[in-house]
Each structure stands twice: as C-alpha cells, then as structure tokens.
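**Q** Chains as they are written, first to last, in my numbering: chain A, -19 to 96; chain B, 4 to 117.
Honestly, I wouldn't trust all of these hints.
To be verified - DEER-style ranges, computed between Cβ atoms:
#	chain 1	residue 1	chain 2	residue 2	range
1	A	T76	B	K71	27 to 35 Å
2	A	E(-17)	B	S31	45 to 53 Å
3	A	S52	B	S31	26 to 34 Å
Said to hold, decoys possible - In silico negatives: residues of chain B with every beta carbon more than 10 Å from chain A:
#	residue
4	V15
5	T26
6	S30
7	Q47
8	D57
9	Q60
10	L64
11	K71
12	A80
13	S87
14	K109
15	S114
Unchecked claim - No more than 20 Å apart at the CA atoms, straight line, and that leaves these computed lysine to any residue pairs for SDA-like:
#	chain 1	residue 1	chain 2	residue 2
16	A	K21	B	G43
17	B	K112	B	M58
18	B	K39	A	K(-1)
19	B	K109	A	K(-11)
20	A	K21	B	A44
21	A	K21	B	L49
22	A	K21	B	F12
23	B	K109	A	E38
24	B	K39	B	V115
25	A	K20	B	A44
26	A	K21	B	K112
27	B	K116	B	S10
28	A	K(-1)	A	L94
29	B	K73	B	I106
30	A	K(-11)	B	P42
31	A	K16	B	A44
32	A	K18	B	K39
33	A	K20	B	F12
34	A	K18	A	E64
35	A	K21	B	L113
36	B	K59	B	A80
37	B	K39	A	M(-7)
38	B	K39	A	P89
39	A	K20	A	D65
40	A	K16	B	D6
These are calculated hints, taken from the structure and not from any lab test.
Glycine included, each C-beta is placed from N, C-alpha and C at the ideal position.
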Amino acid sequence: DTEVTQTPKHLVMGMTNKKSLKCEQHMGHRAMYWYKQKAKKPPELMFVYSYEKLSINESVPSRFSPECPNSSLLNLHLHALQPEDSALYLCASSRTSGSGLWETQYFGPGTRLLVL
Amino acid sequence: GEDVEQSLFLSVREGDSSVINCTYTDSSSTYLYWYKQEPGAGLQLLTYIFSNMDMKQDQRLTVLLNKKDKHLSLRIADTQTGDSAIYFCAEIMNYGGSQGNLIFGKGTKLSVKP
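Construct all of the structure, not just a fragment, from the sequences and the given hints.
**A** Spelled out as structure tokens, the structure:
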C-alpha cells in the first residue's frame, strides 16, 4: 500500500475564513511534506516534518500553520489567506533508510484550494 | 546551484516511442525520479533509479542514467493516449538542511496524438 490520502479534494474559502487541510498515510513513513503547486509549475516545498517535528519551513507566511499530531497525520491550518494562495496543495510522505537518508516520496491527490 | 532542466513539450503519435530528457545538478543524489501528473490530479510516482545503476526497465518504461553527464531519460514504448500528462524529473537532495528535499524540473508536457 503506497497510498497517501488528502481531504478535502476541493476547498473554496474567503479571505477571513479559517480552514484546515488533512493528510493521512499508513505506510509507517516518518517524514511528511506539504507542497504548493501553481498551474503549469512544479510543486514547491512548504514544510517538512521529520519524526513528528517540524524540520524545514521554506519561509512560508504565518497564515499557513502546519501540525503533525501523530506519525500518520499531517494538517495544514489556513487563516486569512490571499487570492494568490489559490493552488493545489499536495501532501507527501517518505521513509528513511538505515543511514538516515530520506527515500522515495509518495504523493497524495492534493486539495485544490480557491481563495476568494 | 540546484537546478533540474527538462524540455517543456513533447508531441508523439500513438504507438510511437516517447523519450523525455532531463539534466540534474547534484552528483550526490542517491535516487532520481520520474513523476507523472495528469490534469487536475496529484503526482504519481512512475519510476525511479538508484544512482549506482545505468538503466532500469519496467514494462513499457526504460530509464537511462548517465552520471558523468548528469543526464536522465525516460523512454515510453508504444505510447498511448492515456500517457498524455506532465512528466516531472526530480532529484533528491541528501545533504545538510535540505536532506530529503526533492528538486523538480519544470515538467515536460507529453501530448499523444491518435
């Protein structure tokens, strides 16, 4: 099983709303990632959690707040977003090899977000 | 710097072979990947190759790796209309604070004509 699930599939929100994106995997992976993908562009890394601790934050605005409540779940809390934040948000997970190297990332289907 | 280069478009006829090329920069990358993205969908891991290999074949897919030239290619045999998608080449960074990060190319849009 190499499945990463994400909910919701689509989300429309206003600039004053608070919403959350959810991601789940049951592959025993200990690294989980959030990416943002704009149309016709490659994914851009936002956050990395390693063993449930935030290890990388790629200078993402504070209106995006990640949370990793346990090793299977990853959330992205959204507050006061701007229209330019409209994009496909992808979650991924990976395991680590015995030598501490992170391995293949498996992606979820994404949440398509529209901010009005 | 960290840069993965791909051509942006490729058009082939159904039944022909497709070859998508990629150049990468980090010679310490342990794995190199090909991801497929259909319209409106997430990224599907298509195949990958370990850096100590020259070639990997998986059904219609053949990956060739030239480490000297830092060149990766994906060949799809007997291309079908269902293969129409964007194909991303990616390398994995395995050093320093970027450990585990994927560096993506801009993606090659493959169009398959019937």
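**Q** Compare the structure with each hint and give your call.
**A** Right, here's what the structure says about each hint:
For T76 of chain A and K71 of chain B, the hinted distance range of 27 to 35 Å is satisfied, since their beta carbons lie about 29 Å from each other. Separated by about 30 Å at the C-beta atoms, E(-17) of chain A and S31 of chain B break the suggested range of 45 to 53 Å. A hinted range of 26 to 34 Å holds for the C-beta pair S52 of chain A and S31 of chain B, which are about 31 Å apart. Even its closest Cβ contact with chain A, about 20 Å, leaves V15 of chain B beyond 10 Å, as expected for a residue assigned away from the interface.
Consistency note on T26 of chain B: stated as away from chain A, and its beta-carbon is indeed over 10 Å from all of that chain's, at 15 Å minimum. Non-interface call for S30 of chain B relative to chain A: holds, since the shortest CB-CB distance, roughly 15 Å, exceeds 10 Å. Not every CB of chain A is more than 10 Å from the CB of Q47 of chain B (nearest about 7 Å), against its label as outside the interface. Annotated as non-interface, D57 of chain B keeps its C-beta farther than 10 Å from every C-beta of chain A; the closest such distance is 19 Å.
Remark: the non-interface label on Q60 of chain B is consistent with the geometry, its nearest Cβ contact in chain A lying 18 Å away (cut-off 10 Å). Non-interface call for L64 of chain B relative to chain A: holds, since the shortest CB-CB distance, roughly 16 Å, exceeds 10 Å. With a least beta-carbon separation of about 23 Å from chain A, K71 of chain B lies farther than 10 Å from that chain, consistent with its non-interface assignment. Its beta-carbon lying about 23 Å from the closest one in chain A, A80 of chain B satisfies the requirement of being farther than 10 Å from that chain.
Distance to chain A confirms S87 of chain B as a non-interface residue, since its nearest Cβ pair spans about 15 Å, more than 10 Å. Some Cβ of chain A comes within 10 Å of the Cβ of K109 of chain B; the nearest lies about 6 Å off, and the non-interface call is violated. A cut-off of 10 Å between C-beta atoms confirms that S114 of chain B is not in contact with chain A; the least separation is 14 Å. At most 20 Å may separate the alpha-carbon atoms for a hinted pair to count; K21 of chain A and G43 of chain B meet this at roughly 13 Å.
Between K112 of chain B and M58 of chain B the alpha-carbon distance is near 23 Å, which puts this suggested pair outside the 20 Å criterion. This hinted pair does not check out: K39 of chain B and K(-1) of chain A have alpha carbons roughly 29 Å apart, beyond 20 Å. Distance check on the hinted pair: K109 of chain B and K(-11) of chain A sit about 24 Å apart at the alpha-carbon level, beyond 20 Å; violated. For the suggested pair K21 of chain A and A44 of chain B, the alpha carbons sit about 13 Å apart, so the restraint of at most 20 Å is met.
Distance check on the hinted pair: K21 of chain A and L49 of chain B sit about 18 Å apart at the alpha-carbon level, within 20 Å; holds. Proposed proximity of K21 of chain A and F12 of chain B is supported: the alpha carbons are some 13 Å apart, at most 20 Å. Simply put, K109 of chain B and E38 of chain A have alpha-carbon atoms about 19 Å apart, close enough for the 20 Å limit, and the pair holds. The straight-line distance between the Cα atoms of K39 of chain B and V115 of chain B is roughly 14 Å, inside the 20 Å bound, and the hint therefore holds.
A distance of roughly 12 Å separates the Cα atoms of K20 of chain A and A44 of chain B; the hinted pair therefore holds under the 20 Å criterion. Straight-line distance between C-alpha atoms of K21 of chain A and K112 of chain B comes to about 11 Å, which keeps the hinted pair within the 20 Å bound. This hinted pair checks out: K116 of chain B and S10 of chain B have alpha carbons roughly 19 Å apart, not beyond 20 Å. Among the hinted pairs, K(-1) of chain A with L94 of chain A is consistent with the structure: their alpha-carbon atoms are about 12 Å apart, no more than 20 Å.
Our distance criterion of 20 Å between C-alpha atoms is met by K73 of chain B and I106 of chain B, whose separation comes to about 14 Å. A threshold of 20 Å between alpha carbons decides the hint, and for K(-11) of chain A with P42 of chain B the separation of about 14 Å falls inside it, so the pair holds. Note on K16 of chain A and A44 of chain B: the hinted pairing holds, with a Cα-Cα distance of about 13 Å set against a maximum of 20 Å. Using a Cα cut-off of 20 Å, the hinted pair K18 of chain A and K39 of chain B holds, with the two alpha carbons roughly 16 Å apart.
A threshold of 20 Å between alpha carbons decides the hint, and for K20 of chain A with F12 of chain B the separation of about 12 Å falls inside it, so the pair holds. Among the hinted pairs, K18 of chain A with E64 of chain A is consistent with the structure: their alpha-carbon atoms are about 9 Å apart, no more than 20 Å. Pair hint K21 of chain A plus L113 of chain B holds up; C-alpha atoms about 15 Å apart against a cutoff of 20 Å. Taking the CA atoms of K59 of chain B and A80 of chain B, the gap is about 14 Å. The hint holds against a cut of 20 Å.
Pair hint K39 of chain B plus M(-7) of chain A does not hold up; C-alpha atoms about 29 Å apart against a cutoff of 20 Å. In summary, the hint linking K39 of chain B to P89 of chain A is supported, as the alpha carbons are separated by about 12 Å, within the 20 Å threshold. Taking the CA atoms of K20 of chain A and D65 of chain A, the gap is near 15 Å; set against the 20 Å cutoff, the hint holds. Distance check on the hinted pair: K16 of chain A and D6 of chain B sit about 18 Å apart at the alpha-carbon level, within 20 Å; holds.
Hints 2, 7, 14, 17, 18, 19 and 37 from the earlier list are contradicted by this structure; the remaining hints agree with it.
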